[in-house]
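When you get a sec, could you build the whole thing from the sequences and use the hints?
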Amino acid sequence: MQAGRNVLGTSAPLDLSGDPRRLRKERNVRRLFLSAAVFTILVSVAIVLSLVGEAVAFLQSIASEIDEGLGSLMADGWFPRRDRFDLRTIIWHTLSVSIIAMLVATPLGLGAAVYLSEYAKPGVRRVLKPVLEVLAGIPSVVLGYFALRFITPDILRNLWDTTQQSNLMAAGMGVGILIIPLVSSVSEDAMQAVPRALREASYGLGAKKWHTSLRVVFPAALSGIVAALILGLSRAIGETMVVAIAAGATGGSLLQLNPLYGGQTMTGAMASLAIGSDQVAGGVAAFQSLFFVGLLLFLMTLVLNIGSERLVRRFRQRY
Amino acid sequence: MGSAVTQEMLRRALEGRRVNIVNPLVALTLLICLLASLAILVVLLWDVVAKSMPVWQERGWSVITNDLSPRPAETGMIQGIFGSVMLTVIVVVLSFPLGVAAAIYLEEYARDTRITRLLVANIRNLAGVPSIVYGLLGLSVFVKLILEGMLGQVSGRTLIAGGLTLSMLVLSIMVITTQEALRAVPLAIREASFGVGATPWQTIRHHVLPVASPAIFTGSVLTLARAFGESAPLLLAGAVLSTFFAAPEGTPITDLVLGEKYTALPIIIYNWSRQPQQEYIALTAAAIVALLVILLVVNTGTILARDALERRNRM
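So the sequence lines, in the order shown, correspond to chains A and B. If you're matching positions, the first sequence starts at 1 in this note's numbering and goes up one per residue. If you're matching positions, the second sequence starts at 1001 in this note's numbering and goes up one per residue.
Hints may contain errors.
As the list claims (entries may be wrong) - Below, a sample of chain A positions facing chain B; criterion: calculated Cβ distance under 10 Å:
1) R30
2) A36
3) E54
4) E118
5) V134
6) R149
7) I180
8) L231
9) S234
10) T250
11) L254
12) I275
13) F291
14) L302
Treat the hints as calculated values from the structure; they're not laboratory data. Beta carbons are placed, not taken as given, at the ideal position from N, Cα and C, and that holds for glycine.
Laid out in C-alpha cells, this is it:
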C-alpha cells in the first residue's frame, strides 16, 4: 500500500470531520458562549477599577486639601460634608448592627435548620419550609419600614423608653430577620450532607433523637454551619436599605456606643451621601468618600465570602 | 411472682428510669425557632396591611394611579410602578441572554482548566458583592463614564443607567441558577444525542435546554423578582431621592427611558419612609402592600407556569 492511501484505496484521506459550515457554526456558537462567560470577569474588573480609582483620589484630596490631612480619617465622628471622616465611627456602627443581627438570626436560623433537617416529617416540612422562602423574598426596604414603624415604637420603646426614633438596635433586628432564611437554608444543606450512617451508628449505640441531632449531626456539619453564619455576617455588613431607613443620622454621626441611639453605618453613610450626590453639597472629598467606604465594604465582604466558601468546600470533601 | 419482679427490673434497665423529658423539650424548642419566623412574617404583613387601610379607604385606587405630588393627599405611585416595570424589562433583555449563555459555556463546554475555575470563582464572588457596591459601579461607569462622558448627556441619571446597573447585579445570580438547572439534566440525555451524531450545539438546543427550561424559567423569574424589590444600587445609579418630580406632559416613552429622571417602587417606599409628616406612614404602608402584591402575583404565576411546563414536558 502506497503512503497516503487510505483503506478505500483512494489517494485522498477519508474526511470524517463533517460539513465545514457546520463546524464553523459550532465554533462560533462556542465562542459566543465563551464571551458571555468572560464578560463576567469584565464586570469584576470594572467594579474594582471604579472603586480603587476614586478611593485613591479620595485619599489624595483629603491629604492635600484638608487641614488635618489623613488625620481626618480619625477625627471626631463621621460628618463628610464637614470634612470629618472618622472611619472608626461607621465601622463600629456596622459591627454593632451586624452583631445584633447575628444574635437574632443565629438561634432562629439554626433552630429552624435543625428542626427542618432532623425532626420535621415530610408533610410538616412541605408546609413550613415555604415560610422561610417567602420571608427570603421580602424586599429589604419593607424590613426597613417594619424596623422603623413597628420594632422601634411597639417593641423597643416599651422595653426602654429612652430609645430614639431611629436606632441601631431596630436596624440590627431588621437585618437579622432578613438573614434568617439564608442562615437556615445553608446550614440545613450542611446537615443534610451528613451521611445517614452517622445517625444510624448513634441510634445503634442507644442515643436518643435529641442526642443524635445535637451531639452527632450538628458537630459533623459544623464547618458548613459556620460557613452559613459567616455568609450571614457578610450579608448583614453589606445590607443597606434597612439601615438607611431605621438607623437614622442622615447628616452624619458621632461614635455611638449605645445601640438604642441612631448612628451611621458604612452602608448608611453611603446611602445618605447618595441623597446629596446629585447636588454639589459638601466638598469633592465627601463625594469621593462614597467610593472609599465602598471599597472597604467590598474588601470586608470579599474576605468573609472567600472564607465561607473554603469552609463549605472542606465539609463537602470530608464526606 | 419472682419472674414479674425480674421483668419489671429488666424493663426499667432497658428503658431508663427517668421519664424522658429532654427529647420533646428539644423538639419543641427547635419548632419554636421555626415558628418564630412564621410569627414575624405574619406580624409584618398584618402590620403593613393595617397601617395602609386608611389610605385605601380614603383614596381608593388614586394612590396607585396618581403621579407623585408634593402634597401627600394627592401623591401616587404610578411613576414608580412604571419605573420598576421598565427596569425589569431592561434587566430581562440584558441579563437573561448573557447569564444563560455564560452558564451554558461553564456547564456544557468548559473543561476543568485554571481559567474555568477562575470564571466560576469570579461569578461566586460577584454574587456576594453587596448590592450598594453595584450602585457605585453604575454611578461611575454607566452614569458618569458612558452616558455623561461618552454620549454627552446632560444627566446620565436615567432609567437605562439604573437598568444597566441592576443587570450587572442580577447577572451572577442568573448564571448560578441556570448552572444548577443545567446540572440537573441527566448525562444520559447528552450521551444519547452525541451517540446519534449530534454536535454539541444541537445537543444543547434540542435536548438539554428543553429539559432544563422549566427550572431556568423559574430561577430567572425569582431572580427578576429580587431585582424588582432591589433599591440600594438605584440610590447611587440615579433614581430621584425626593418625594416629587415630573416629566413634561406627553414625553414619549423612549425619552422617559433614555433621557428623563426616574424612580422605582422600592425607591418611592424609601423616600416616603423618610418623611416626617404623619400622612406618609400610611402612604408608605400602601406602597409596600402594592409591591408585595405584585411580587406575590409574579411568584405564584411562575410556580403555576412551571408546573404546567413540566407536565407538558412529561407527556
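**Asked** Which of the numbered hints are not met once you compare them with the structure shown?
**Response** When the structure is compared with the hints, only number 11 turns out to be violated.
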